[in-house]
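Enquirer: Next come the chains, spelled out residue by residue.
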Amino acid sequence: MADKPKISFHDFTSCEGCQLQVLNCEDELLDILGAVEITQFREAIDEKSDTYDIAFIEGAFTRESDRARLEHIRQCAKVVVALGACACTGGLNVLKNYRGVEESMKKVYGDKANWYETSWALPIEAAIKVDYKIHGCPIPQEEFLEVVKSLLAGRTPRIPDYPVCVECKLRENVCLYHKGEYCMGVIARAGCNAWCPSYGGRCYACRGLISDPNDGAAKDVLEEFGLTIEEVMAEFRLFNGAFDVAEPPCEEAAVERK
Amino acid sequence: MPKDLDINIHHLTRVEGHGNIVVRASDGQVEKCVLEIVETPRVFESMIEGLSWRDTALLTCRICGICSVGHTTASIRATDDAFGLTLTPEALALRKLMLLAEEMQSHVLHVYFLAAPDGFDAPSVIPLAASHPEVVKRALRLKKLGNIICETVAGRHVHPISMIPGGFTYVPPREKLLAIKEYIESLDADIDATVETIASMKDKFPDFQREREDLSLTRDDEYAFYDGDLKSSKAGVIDPHDYEQFIHEKCVEHSTSKHAYNVEDSLAVGALARFNNNYEKLNARGKAAAEAIGLTAPCYNPYANNFAQTVEIVHFYDEAVRLINELLEMDLSEATLTPNVTPKAGRGVALVEAPRGLLVHDYTYDENGICTKANCVIPTGMNLGNIDRDMQKYVPEVIERRSQDEIAHDLEMLVRAYDPCISCSVHLLKVEWV
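Just so you know, the protein sequences line up as chains A and B, in that order. FYI, the working numbering numbers position 63 of the first sequence as 272, with every residue one higher than the one before it. FYI, the working numbering numbers position 117 of the second sequence as 99, with every residue one higher than the one before it.
With the rest of the complex left out, here is chain B (with noise of 0.2 Å):
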């Protein structure tokens, strides 16, 4: 029977920032169905024009809460980049551990307290603590690894204090690296252990496909997180620098976000965009909680990013592992990582993958180290043409067959599979009018 909906989910919860899903069907056909993101407008890129380069990073890393680390890391290397300085080893691997810890950390908030609720049928993490609770406090315990290793090199998590252009203000003391050691150490059964959670509810998430267009860092050498070349599922490989020719964006009225496009009119980032692009550079046990879960490269499910999120969290705990034993061999000490910075004129592009995605910050400094021109391309706003486009093929394919509250279910859980950072994602700059 042909079916009328009307969908108006306002400000839909479990994610970061302010959007609406709106749906609207009469007699089975689908007249309207997006997100809306009606986060206020934050401008950063008119902000911080006029800025030092002391302060760019300072100003960006505030774009985001949760992946502030993603943000002043791509930062201070658009910056690196600009005036051309190099790191020491030290702290190069100091800086890849403070990512490695924001991505787990941000992965497990969302796979534990977003997402995993929909998987235990529950509204949230909070009748989960009373029911489940040694879900929850194993939750707690991998969370706060993220804090422990950021608090130690940078001062803190939530916008990162020693993290420089050219390297670090502060000498985190080798006692408390070796309590970083002990800590991860004493998780790693916790680690297997959300595997088998999270392969648990594979059944709570719809089987829907998707062809898309994947967007991600990509190396030779290593599952790339901290930088690498450009790749697109559809287009090839390209020098980070040339990031405008596979990503373009476009406003859109009903989002104060941008969209993004390239081959087609979206594309996707994320932790199941790097996942497809790259499992083969995923180190054994990352390989192996994939095969434990099912998840083969590459997976059109958008609802499977829980799940390469999940992959990943394994596979980042084997890096951070072996990172924190190769800083204890090595000589931390102001000579290895605090910088001589001298500001030069010119440009600077630095692509990361933050925990939701591809992230760029682009820089122009005059000879004085002012910036005088920036652009920030966030993975949220990336993913948001590609969310329209899902619920657009998902909607339809299941409307006789669903009710109306049903589908409003799935699609709430498809937007939050994607870990939305709305906030984030309401300043993109550099628009390609169409």
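With the rest of the complex left out, here is chain A (with noise of 0.2 Å):
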């Protein structure tokens, strides 16, 4: 028999939640460990190899001295998967950049700041080749086993290229519009099954944009709703901060999106 292909999870900066989705598969995890070797997963194991065929990288890349680990990885893997929204987009993280580096560093830790080491809050993308993004904050479970699923058959995973409006629709909710609320769904991408707009949040676009959107008409339709230009822009701002559409600060914190 040939040996089961080799997977690992690896973490940045992060919450580590993408790492406990794939945690709370219940019911898949043990025919998941029947089909693979996991040979790092320090959330939760002991073992460390740097033998590994698939790895998942969790969180940002928010400091320079991180750029060798994941030059690392890259290296040993031949497939890297980006897991959640901090190492697809950068997430939440990268807030920060546009708060400034340094005054929120000062602000945190005072005239101690320069007893640690940071950076602009980027994809992991900004260092090293990513292969597949599984997107999110959380990353849903669903797609999380579709794309392990399709990487063992040897078939490219389906990562959904449509607004979250579509996935809304189909489950009849009634549109956050309506009731007078405003949404990023029109040109964030779908895969949530629209998440969260059917538990009565707005969606945040935390899955990314899709890859050819319409963001002046979006920008306007947030406009229209009564949003200033500033909180249109904060919106964008909240998950997608790294990539043009949202203005980053400077040019070292801005990544081209893929």
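Read the hints as simulated data drawn from the structure, not as lab findings. Fair warning: there could be bad hints in the mix.
[Stated by the list, open to error] Straight-line alpha carbon distances no greater than 30 Å define the calculated BS3-like cross-link-like pairs of lysine-lysine that follow:
| hint | chain 1 | residue 1 | chain 2 | residue 2 |
| --- | --- | --- | --- | --- |
| 1 | B | LYS326 | A | LYS316 |
| 2 | B | LYS119 | A | LYS257 |
| 3 | B | LYS119 | A | LYS215 |
| 4 | A | LYS316 | B | LYS355 |
| 5 | A | LYS388 | B | LYS158 |
| 6 | A | LYS358 | A | LYS213 |
| 7 | A | LYS257 | B | LYS126 |
| 8 | A | LYS257 | B | LYS186 |
| 9 | B | LYS126 | A | LYS215 |
| 10 | A | LYS358 | B | LYS119 |
| 11 | A | LYS321 | B | LYS232 |
| 12 | A | LYS257 | B | LYS14 |
| 13 | B | LYS216 | B | LYS184 |
| 14 | B | LYS126 | A | LYS358 |
| 15 | B | LYS326 | A | LYS388 |
| 16 | B | LYS216 | B | LYS78 |
| 17 | A | LYS315 | B | LYS232 |
| 18 | B | LYS158 | B | LYS126 |
| 19 | A | LYS215 | A | LYS257 |
| 20 | B | LYS326 | A | LYS428 |
| 21 | B | LYS14 | A | LYS315 |
| 22 | B | LYS184 | A | LYS257 |
| 23 | B | LYS355 | A | LYS428 |
| 24 | B | LYS14 | A | LYS321 |
| 25 | A | LYS213 | B | LYS119 |
| 26 | B | LYS119 | B | LYS186 |
| 27 | A | LYS321 | B | LYS355 |
| 28 | A | LYS213 | B | LYS126 |
| 29 | B | LYS263 | B | LYS126 |
| 30 | B | LYS263 | B | LYS163 |
| 31 | A | LYS315 | B | LYS355 |
Need the complex rebuilt from these two chains, each delivered in its own frame; the hints are there to steer you.
Expert: Quick look at the structure:
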């Protein structure tokens, strides 16, 4: 029998909630463990090995000294999968870029700020090539399972590239705009089954944007709703602040959306 | 024979976040013995400033994936406090159920998946799935309870959706609450089996004692977890708004998370601190579990936090069963759950018992409900000083009779016993410079 594929989990700046989402697949977990060999998962196991075929990387790239660790993972792995919003878009961490990195550190650590290293918060694509992305804050378990199954079967995972509105309509939710709320669902990437709007929350595009969004029209819609320009931009910066659509504070804090 | 030690455990496993244990000793004298916190700084308190009251919980629940409901609860309760919002009994009961679900799930995750492998001499839960499948399947059944409750009430456990200041944006359907009732009642035997399994590993953990100051919430009418007054085992009971009288913080160079202190230079929070401070308020089944495990209050063995968590799993389980039955008698509707929130200028403070211990969120809002100042004090941050002090007492006690590898293993288990949540802890604000 051929060796089971080896998979590993690595974490950078994040809440580790996406790894917890993996552990939350209670019904499938034992089957997954039967199909693969986990060679690194620091949150859950002691074993540490640099032998792995598929590396799942959670967390944003927020300090230069992490670049070497990321490059090492890229060298060891045949396939790199970005796990969750922090890895895919930088996630909420990017907000600190707009508050100013030095100012943020001073606010939290006072005159001891220079004891600790940090830098711009960016998606891991700013440091290494990524093969697949599992979006979301947190990731939907179904999408994690779809990606694992696809990679094991040797096919390309199906990641939606249409807006959340499509899924929201299919669930027959009342549109949040009709309820006097606003929402980013018009240009946000689907795949979460309109998770937040289905529980009364607005979509804030934690899965990033579709690949060809009409962001100008979306900004107009939000403005017509009554948001100020600052509020509209704040909405784009919440989860997509590293990209041009959100007008990053400087060139070093910007990455191309792929 | 005087001994040299050089322990450097890089990126400790089976804990949340990144920490290193560093011990150096020569000629039997300990020169350095600390838990280094090397997690990246995350500066949440800086990011929260300028956010609307609608988004403060959305941001701060993402401090931690494992205690996301604890952070959400603290955050929305701080906003309730600032705006003077009162909850309906229905909304209060649902919030408490959410928090109970998280306490149980987090404890199950820690006791079974992270700590139990030490009790079975296994490097992780994965070999246990082959050697003790019934234990792992039971753990998965118990863990799933938290997800079922949180999905039903708030859409998910990691970063719950419908919990907002004043109430909820979603009304859970009755048939799904009935499904929770059916599922939770099916776990009754698993709860007793948990006590048996954990009690059987008692001799795997060192018998070590260090008296400490325990900090937790306290209430006259229940084992406090959702709210209450602030109790220190050494300094008495105060109003939660005055938490800064008991919780002082300082930067230390070996940690991106600040350390906390009060009467002495460290203090403890978490399941064992709650157990020590509030043992009398445990329900009958919780007390019976403590007796079966042989845990008595006050207990000053930090390794016993695993046992205090087990006692709490039992106690919280019976509380959750009671609460779900109460909720089924209530009128859950938009009228009783969906709030009408008007922002107002002011400061709000909330103290919550998150799974790992006392959690503080403290916000100041302007008249438009924009957050102008925030302070979050995280349980793991409060425990870090205590972990260092425990290690510094433990190593000299055993340096002559245990090998370097054994001491390293003991220290890993010690840090793990606190169930640290390191990525949580690296963004405390408000420093008292010492």
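Enquirer: All hints, please: hold or fail.
Expert: These are the hints, each one checked on the structure:
1. LYS326(B) to LYS316(A): holds (25 Å)
2. LYS119(B) to LYS257(A): At roughly 25 Å apart (the allowed maximum being 30 Å), LYS257(A) and LYS119(B) satisfy the hint.
3. LYS119(B) to LYS215(A): holds (23 Å)
4. LYS316(A) to LYS355(B): holds (11 Å)
5. LYS388(A) to LYS158(B): Measuring from Cα to Cα gives roughly 25 Å; hence the hint holds.
6. LYS358(A) to LYS213(A): holds (13 Å)
7. LYS257(A) to LYS126(B): Distance ~27 Å between LYS257(A) and LYS126(B) Cα, so the pair holds.
8. LYS257(A) to LYS186(B): Holds, at roughly 24 Å.
9. LYS126(B) to LYS215(A): holds (26 Å)
10. LYS358(A) to LYS119(B): holds (22 Å)
11. LYS321(A) to LYS232(B): Distance ~10 Å between LYS321(A) and LYS232(B) Cα, so the pair holds.
12. LYS257(A) to LYS14(B): holds (26 Å)
13. LYS216(B) to LYS184(B): holds (28 Å)
14. LYS126(B) to LYS358(A): holds (22 Å)
15. LYS326(B) to LYS388(A): holds (23 Å)
16. LYS216(B) to LYS78(B): Between LYS216(B) and LYS78(B) the Cα gap is close to 28 Å, so the pair holds against 30 Å.
17. LYS315(A) to LYS232(B): Given that 30 Å is the threshold and the Cα spacing comes to 14 Å, the pair holds.
18. LYS158(B) to LYS126(B): It holds: about 15 Å lies between the C-alpha atoms, which stays within 30 Å.
19. LYS215(A) to LYS257(A): holds (12 Å)
20. LYS326(B) to LYS428(A): holds (28 Å)
21. LYS14(B) to LYS315(A): With a Cα-Cα distance of about 28 Å, the restraint between LYS14(B) and LYS315(A) holds, given a limit of 30 Å.
22. LYS184(B) to LYS257(A): holds (28 Å)
23. LYS355(B) to LYS428(A): holds (29 Å)
24. LYS14(B) to LYS321(A): holds (21 Å)
25. LYS213(A) to LYS119(B): The hint holds at about 23 Å.
26. LYS119(B) to LYS186(B): With Cα atoms ~22 Å apart, LYS119(B) and LYS186(B) stay inside 30 Å; holds.
27. LYS321(A) to LYS355(B): holds (20 Å)
28. LYS213(A) to LYS126(B): Given pair LYS213(A), LYS126(B) holds - Cα atoms ~27 Å apart, limit 30 Å.
29. LYS263(B) to LYS126(B): holds (27 Å)
30. LYS263(B) to LYS163(B): holds (24 Å)
31. LYS315(A) to LYS355(B): holds (14 Å)
Violated hints are absent here; each numbered hint is respected by the structure.
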